[in-house]
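Novice: Single-letter residue listing:
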Amino acid sequence: MSQSPSAPEDEGVSTAVKHALGWLVFGNAVGLYLSVLLLVPSWQVGEWTYGRWVPVHLNVQLYGWTALPLVAWLFSMYEVGRSKSAAWAPAAVWGWSAALAMGALHWLGGETGGKIFLDWKNGALWAFVVALVMLWAVLVMAWKERAGGWTKLKRRVSLGGLVGLAMVPGVIILTASPKTYPPVDHLTGGPTGSSLLGSSLIVVGLMLLLPRVVAGSGKGRAGWGTWAYFGFCWIFFGVAEAVGGTHFDWWQNFSLLLMPPWAWLLARDWKGFSWPRDSRFWRMAMFGWWGLLVLTGYLMYFPWILDRIKFTQGLVAHSHLAMAGFTTSFCALLAVLLTGRRVGGAASVTLWHGAVVVMILTLAAMGWREGAEPSWMLLKPDWREMGLTTRSICGIVMLSVSTGWLINWKTR
Amino acid sequence: MNVRAAIVVAAVYGYFLIFAQFSFVELLRAGGAGLMQEKVALGIMAVGGMASGFLAAWRGASPGMVRAALGLAAVSSALAPFAKAMPGVLGIALATGCALGVATVSLAAMLPAWCGVAWIGLGTGLGYACCNLPGVFTQSPGGQAWVGTGFALVGLLAVPSVTGWREHDSKKVFPIWGALAIFTALVWMDSAAFFIIQHSEDLKSGTWGDGLLWRNAGVHLALAVVAGLWLARGGARMIPALAWAILAAASLTVNIESSRHLAGWLYPAGVSLYSAALVAWPGWFSGADGKRQAGWRAAWLFAIAGWFGSANGIGMAQTLQQVPPAFVAGAGCVVIAVMVLSNLKRWRPAMAVAVVGLVAMAFPKRADFLAGDAAARGKQVYLSEGCIHCHSQYVRPGSLDEQNWGPVRDVKEVLAGQPVLIGNRRQGPDLANVGARRSEKWLKLHFIDPQALAPGSVMPSYAHLYESAKLDDLVRYLRDSGVKALPKVMETSAQWKPAQVAPASGGKELFGMHCAACHGPNGLGNGPLSLEFARKPANLVSGPFVWTSAGESLDLRIARVIKFGLVGTDMPGHEVITDAQVLALKDHVLKLRTSSSGQ
Chain A
1 MSQSPSAPED
11 EGVSTAVKHA
21 LGWLVFGNAV
31 GLYLSVLLLV
41 PSWQVGEWTY
51 GRWVPVHLNV
61 QLYGWTALPL
71 VAWLFSMYEV
81 GRSKSAAWAP
91 AAVWGWSAAL
101 AMGALHWLGG
111 ETGGKIFLDW
121 KNGALWAFVV
131 ALVMLWAVLV
141 MAWKERAGGW
151 TKLKRRVSLG
161 GLVGLAMVPG
171 VIILTASPKT
181 YPPVDHLTGG
191 PTGSSLLGSS
201 LIVVGLMLLL
211 PRVVAGSGKG
221 RAGWGTWAYF
231 GFCWIFFGVA
241 EAVGGTHFDW
251 WQNFSLLLMP
261 PWAWLLARDW
271 KGFSWPRDSR
281 FWRMAMFGWW
291 GLLVLTGYLM
301 YFPWILDRIK
311 FTQGLVAHSH
321 LAMAGFTTSF
331 CALLAVLLTG
341 RRVGGAASVT
351 LWHGAVVVMI
361 LTLAAMGWRE
371 GAEPSWMLLK
381 PDWREMGLTT
391 RSICGIVMLS
401 VSTGWLINWK
411 TR
Chain B
1001 MNVRAAIVVA
1011 AVYGYFLIFA
1021 QFSFVELLRA
1031 GGAGLMQEKV
1041 ALGIMAVGGM
1051 ASGFLAAWRG
1061 ASPGMVRAAL
1071 GLAAVSSALA
1081 PFAKAMPGVL
1091 GIALATGCAL
1101 GVATVSLAAM
1111 LPAWCGVAWI
1121 GLGTGLGYAC
1131 CNLPGVFTQS
1141 PGGQAWVGTG
1151 FALVGLLAVP
1161 SVTGWREHDS
1171 KKVFPIWGAL
1181 AIFTALVWMD
1191 SAAFFIIQHS
1201 EDLKSGTWGD
1211 GLLWRNAGVH
1221 LALAVVAGLW
1231 LARGGARMIP
1241 ALAWAILAAA
1251 SLTVNIESSR
1261 HLAGWLYPAG
1271 VSLYSAALVA
1281 WPGWFSGADG
1291 KRQAGWRAAW
1301 LFAIAGWFGS
1311 ANGIGMAQTL
1321 QQVPPAFVAG
1331 AGCVVIAVMV
1341 LSNLKRWRPA
1351 MAVAVVGLVA
1361 MAFPKRADFL
1371 AGDAAARGKQ
1381 VYLSEGCIHC
1391 HSQYVRPGSL
1401 DEQNWGPVRD
1411 VKEVLAGQPV
1421 LIGNRRQGPD
1431 LANVGARRSE
1441 KWLKLHFIDP
1451 QALAPGSVMP
1461 SYAHLYESAK
1471 LDDLVRYLRD
1481 SGVKALPKVM
1491 ETSAQWKPAQ
1501 VAPASGGKEL
1511 FGMHCAACHG
1521 PNGLGNGPLS
1531 LEFARKPANL
1541 VSGPFVWTSA
1551 GESLDLRIAR
1561 VIKFGLVGTD
1571 MPGHEVITDA
1581 QVLALKDHVL
1591 KLRTSSSGQ
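Line by line, the protein sequences are chains A and B.
The opening position of the first sequence corresponds to residue 1 in our numbering, with each subsequent residue numbered one higher.
The opening position of the second sequence corresponds to residue 1001 in our numbering, with each subsequent residue numbered one higher.
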């Protein structure tokens, strides 16, 4: 499925990236507002409480900033820009954004299913399903037109992809249902190690796929050993998931121990490809965050560490490491590769990562302290407010930087 | 020259806002003019403005014309406080209209020769900001007329002498009919909302009240500058749509008391955004190829969107005393229709958005709130308010949670919840067994004013739930979910002993923080919340422990009450404070009693 980066005139790709950046800015603004609300609760506006804004922040970052670059990637892979359905690609993106906007209005109005990242309910749920169907239809139209000129392997794999994507609306309906819930570690109430391994392996899969689809020339250094290890991880995930258990059980802990090698394996694989110059900074950042994410992810699942940080700011720190650090770098890299345009200059990118580092360290320190003494957040208001103020300042920097990225997106 | 051009824009805007919109009308009323006379005067001003605008376009704009118009404006506003008789008032109205008509049209046509489009935002923002300065805004009508004269004179002195048309990339963002429709809708909505706010005391105090003028000035300036920069970067198409969205939100929120202060932020933001675009459109975004063409387009725009739109907005507000939601929606349809029809290749995205929007609105909302008993409805309130984002409902086995938050629940029972409400972050306590740890009354008071019972808490007020049965339902849900835990909570309380640690310092301060709201600062049971409870909080000086012999058993009993409260009463526990702090509080409570018996 190798191909060169999409041409800049691919309107579907550029629209998706532009919308993603727009949602990043909006999500950051909401995040900043939430952090300020923890300092000044009276700044709540009417019935739009902290609890109603949180799903807006989380979902906008996931379904807006993170998902739309992947939509752009799908457009690129299925060569939508070179097909007659190109004119419909921006419409699919607008439909997606409209569904997300409708979702935000529903969440602010108190319409939520109560499942974090799967709060889709009633009208918002069906609006999102319609948006997914629109996107799928665009991909199917492009496939029908373009697949004739592809290799047999690409044709089959891309058809399999379409079959898989056809299931996404159903999966969303099913997983958003209050009746379903993933396995939990009954000692913490959180996900099991194997669940975390499963979601991480999806990311690994995307990172193995990315250079083979959108990078320049070259050949990856993932030999048979890497692919065998990938398969082994999936098998282990399946077994551990079926057995269940807690973070005191070796197989659950071992599940996450399978992740750190990927930090090295993926970096080695990517070295075999030639990359556009503008992607270097984001690639380095992405691998930096990725390494940190898998390392801290494993350490934080370790018994006694997880017991100390569960439900604290420490987990918020880790979430920001994942989203503001790794995912943002991945999405920005994807945007650069797909469009050939830069996402931010060296100064703004450095500023972003600097703010993320400070925010994560602050939240991690607060969480560690809070875990030892739950009263710390309540009875040490000076320390608490210093931490939360630092977080808000980082939020201002991140909002400003991302706004700059959006405004400057036109420049090539 | 850029700065001088921005100053002229600020001067013309400032003059229009402070004199033509404010001071002149108030002077009329102060002079005893009735509604009809007011309408006639404003009508003459509008006719003069439109006619002179077209005249200026026909003659062709020049710096001299702008100067002459500003000179006439200065004279007109300077004389206004002295015009008492109707002929004089009408003369002032005509002169002001003519001055504004010529000034606005000539200025809009000349601006591309004088500055870049980004400077329009600064000029517009400065004009609005100056008018919102407390010293200007709260000035008497006569004083504001003199301020208007000041604006006109400053503008007159700042007018650059450059006459040529500087070649620039003049884009046709909207066709003329489209620009007329969009800006008329925006001015109409703006004028109506402004009139409503100005003529309702509580709305005015909520949006232009004490201390808010500086904020308004800042928002105006900031958003106008942003608009200017955005215009320079190709935002001309999006700005009117965003301005409509913001003004629509302002128009709707201003009618709801709990969100009225939001309107105070939104209104100036929306106005500044579109105002900068309105000034810039003739010169930069109408596709004009010279200042004569730009002048004609400005004349049409300001005649229809400016004079006609504002007159109708005020008229609608006077008649209906509100900005009807249907009008807001209609204005939105106009904006969207122009954006789509003027750029037909966008019909597909517009259709996709419309389909998704219709699907979202096709499903009934909040049906869950009608279903089930009070506890079931309360669970829906718990979900709806997003309590899950600050509170867990999961007591971790073998952890400190068990002592603080009550017994562990069977994981199967937890996972049977639809949805499961484990949560992932605690900004506040775990609520799995809160019904066993807090009384109904305490929960209600805490929802209404969290900081009164828990100083320093980051929990926001949920007083708005009190307006319906939602608060009762939520409290019932929380209470019911803790019933099963009561025996275990009592058992934990009865068995608990504080660690062998020295008491923390500051027992009195801790008492003030955790106890005084109910028990009073001196423990007399007369705290500010004491009357809220059916049974008054205990008088700790002469109350519950006074007949108990001092000793280890008394110390332990008091410590347990402080830590876990008295199950079944309104006395809450203080689960998260440390044992050293519990001991410090215990010592202070004992001291209250002994110091009393010593007296």
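By construction, these hints were calculated from the structure, which means they are not laboratory data.
Given the structure is predicted, the values throughout are model-derived calculations rather than measurements.
Hints are not guaranteed to be accurate.
[As the list claims (entries may be wrong)] Below 16 Å or equal to it, Euclidean Cα-Cα: the simulated EDC-like pairs (lysine to aspartate or glutamate) are:
(1) A:K380 x B:E1509
(2) B:K1591 x B:E1509
(3) B:K1497 x B:D1373
(4) B:K1497 x B:E1413
(5) B:K1444 x B:E1467
(6) A:K179 x B:E1509
Novice: Does each hint hold? Answer for all of them.
Specialist: Hint check results:
1. A:K380 x B:E1509: 13 Å, holds
2. B:K1591 x B:E1509: Given that 16 Å is the threshold and the Cα spacing comes to 14 Å, the pair holds.
3. B:K1497 x B:D1373: Violated, at roughly 40 Å.
4. B:K1497 x B:E1413: Cα-Cα ~31 Å, so violated.
5. B:K1444 x B:E1467: 13 Å, holds
6. A:K179 x B:E1509: 48 Å, violated
When each numbered hint is compared with the structure, violations occur for hints 3, 4 and 6.
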